[in-house]
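Generate the whole structure from the sequences, applying the supplied hints.
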Amino acid sequence: MSGNTGMGIFAIFFAATFTSNILLTLYLGMCSFLAVSKQIKTAFGLGLAVIFVMTSTSIINWMIYQWLLIPFDLEYLRYIVFIVTIAAFVQLVEMVIEKTSEALYNALGIFLPLITVNCAILGVSLFMIIREYTLTQSVAFGAGSGTGWLIAIIAMAGIRQKIEKNRIPKGLEGAGIALIIAGIMSMAFMGFTGMIGLN
Amino acid sequence: MDFAWSEFFTSILIVSGISGILATLMVIADATIGNYGELKIAINKKKELTVEGGQPLLTALKNKSIFIPSACGGRGSCGLCKLKVDSGGGDILSTELPWLDDKEKAEKIRLSCQLKVKQNMELTIPEELFNVKEYKTEVSSIVNLTHDIKEITLALLEPAEIEFKAGQFIQMEIPEYDLTDEPVYRAYSIASAPSMKNSIKLQIKYVPDGISTTYVNRHMKVKDKVIVNGPYGDFCLRNNNRELIFMATGSGMAPIYSILLDMAEKGVNKKTTFFFGCKEKRDLFLTEEMKDLERKMTGFKFVPSLSRPREEDNWQGETGRLNTVIKKYLSDTSEVEAYLCAGTSVIESYKNALKEMGIPENRIFYDDFG
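Chains as they are written, first to last, in numbering that gives the first Met the number 0: chain A, 0 to 198; chain B, 0 to 369.
These are computed hints drawn from the structure, not numbers from a lab. Incorrect hints may appear among the rest.
[Said to hold, decoys possible] Computed list of lysine-lysine pairs in DSSO-like fashion (alpha-carbon distance at most 27 Å, straight line):
| no. | chain 1 | residue 1 | chain 2 | residue 2 |
| --- | --- | --- | --- | --- |
| 1 | A | K37 | B | K39 |
| 2 | A | K40 | B | K61 |
| 3 | A | K40 | B | K104 |
| 4 | B | K107 | A | K98 |
| 5 | A | K98 | B | K115 |
| 6 | A | K40 | B | K81 |
| 7 | B | K107 | A | K40 |
| 8 | B | K265 | B | K196 |
| 9 | A | K37 | B | K196 |
| 10 | B | K61 | A | K98 |
| 11 | B | K104 | A | K37 |
| 12 | A | K164 | B | K196 |
| 13 | A | K98 | B | K39 |
| 14 | A | K98 | B | K265 |
All figures in this text were calculated on a predicted structure; none of them were measured in a lab.
See the structure below:
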């Protein structure tokens, strides 16, 4: 059995943000991490959208899993159900934001479709099941993972802005150098692992 | 072992149930949240279009047969589909920002492929764009005009005819190849008469490493299918009785040749001089055609000038740069209008020379291909 059930929500949040950063220790959500990390501003927008979607979908998926899939012994369907839920949820949220708040749509809306296919989102929903979190723990885990993702992508965008004018070997331009940077950042984040661990 | 039929059916039921509920939610959302109803787009305070709300402005206009130049097909990666949105556009989206400078932001210029029609709008669209269409064409001939300038003839397939004013340009699509991993558009002046409606000619000079010129030089073959759109631009003759001078270098001859052909066909015969500058004799082209025009229009004179003629060129004509050559030909500049087509820096030097000779700036028109 997992030892996480008794973990406080702050510990989970902190661990998900730093020690078990979903992006830099688990390497999930790499695609949009590499694609949208050229500018701090857009990276920030995408990061906020990820926090929002991760937190909300972990709540919805937790409810569906606990109240629908477990009672009917259908846990094995969680992959397909989670993905469908995430996709539909993101679509709905995008439509609502587009209609109601122009400012928010400008900041987040355009990034939402990108997130649907972000494996980090599905990853969070699956981890919370494996680790047997309660609803509040899941919220903390979702929000923490999202925040960790935001921090990672902003750090990456900052570095990429900084090296924009630098001369980089031709073969390494773009994604190549970004992956090397991600690797170095990941090593730095590994320094946190001893503090609090999520199994 | 018994097959668990009940489990089999519940799993189908649950998955279909969840998908069904979500799908219903989406349909309801689409009909309520996503429904912006029919909206009105006023163009230049004259025309009014009724369009389905919620779609990108570029698409909405395209559906009403108004073509805004766009190279990337609405992905927001070319920055060509700019429009002036006077009202109803809302804030500038982050996907538009890379393409707009401060001046454009202040002038309410927007990227029409990113902007969605969510309320009634007022737009200002240049009148000439109403005539812009996309044409499917086929390369019917490729001729070397000089060692580095090719004349490409495109036969129009669909639509079969084009209406344009002499001096206007089109945009030609260059498909992806070694030098570009996405299709790009490049503008070329039409170098044929507007009366020839079923095909157009372009003069394309080879520039080393130029995406489009390299494509035309190395890869384009007769029978190739080429997409162009247009016509664009206002480098056209003004309607008055002033004496005309034209000045061009290299492939800058294209729009001027079109204007001259048009003048000859329409029987316009006034004092007209075409100063053409190039380096040596092998850079000269269409000289026979120019002589032909001189015979048709008695007031017309073609003055080529070589800046660095070779010895073997045996050149008897003018030499030196056009800004000095024109001084020999123009004494009275009080009723002269000038049309220039060349690169940016050359145009600047011509403009200065013309102004020094007393031609006011509002009588100097130019097409800058730099």
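Status of the hints after comparison with the structure:
1. Using a Cα cut-off of 27 Å, the hinted pair K37 (chain A) and K39 (chain B) is violated, with the two alpha carbons roughly 38 Å apart.
2. Restraint check for K40 (chain A) and K61 (chain B): not satisfied, since their Cα atoms lie roughly 32 Å apart, outside the 27 Å limit.
3. At most 27 Å may separate the alpha-carbon atoms for a hinted pair to count; K40 (chain A) and K104 (chain B) meet this at roughly 18 Å.
4. Proposed proximity of K107 (chain B) and K98 (chain A) is supported: the alpha carbons are some 22 Å apart, at most 27 Å.
5. Taking the CA atoms of K98 (chain A) and K115 (chain B), the gap is about 11 Å. The hint holds against a cut of 27 Å.
6. Taking the CA atoms of K40 (chain A) and K81 (chain B), the gap is about 23 Å. The hint holds against a cut of 27 Å.
7. Proposed proximity of K107 (chain B) and K40 (chain A) is supported: the alpha carbons are some 22 Å apart, at most 27 Å.
8. With a C-alpha separation of about 16 Å, the suggested pair K265 (chain B) and K196 (chain B) falls inside the 27 Å cut-off, and the hint holds.
9. Annotation: proposed proximity of K37 (chain A) to K196 (chain B) is violated, straight-line Cα distance about 47 Å (limit 27 Å).
10. A hinted pair counts as satisfied when its Cα atoms are at most 27 Å apart, and K61 (chain B) with K98 (chain A) qualifies at roughly 23 Å.
11. A distance of roughly 23 Å separates the Cα atoms of K104 (chain B) and K37 (chain A); the hinted pair therefore holds under the 27 Å criterion.
12. The straight-line distance between the Cα atoms of K164 (chain A) and K196 (chain B) is roughly 49 Å, outside the 27 Å bound, and the hint therefore fails.
13. Of the supplied pair hints, the one linking K98 (chain A) and K39 (chain B) holds, its CA atoms being roughly 18 Å apart against a limit of 27 Å.
14. With a C-alpha separation of about 56 Å, the suggested pairing of K98 (chain A) with K265 (chain B) is violated against the 27 Å cut-off.
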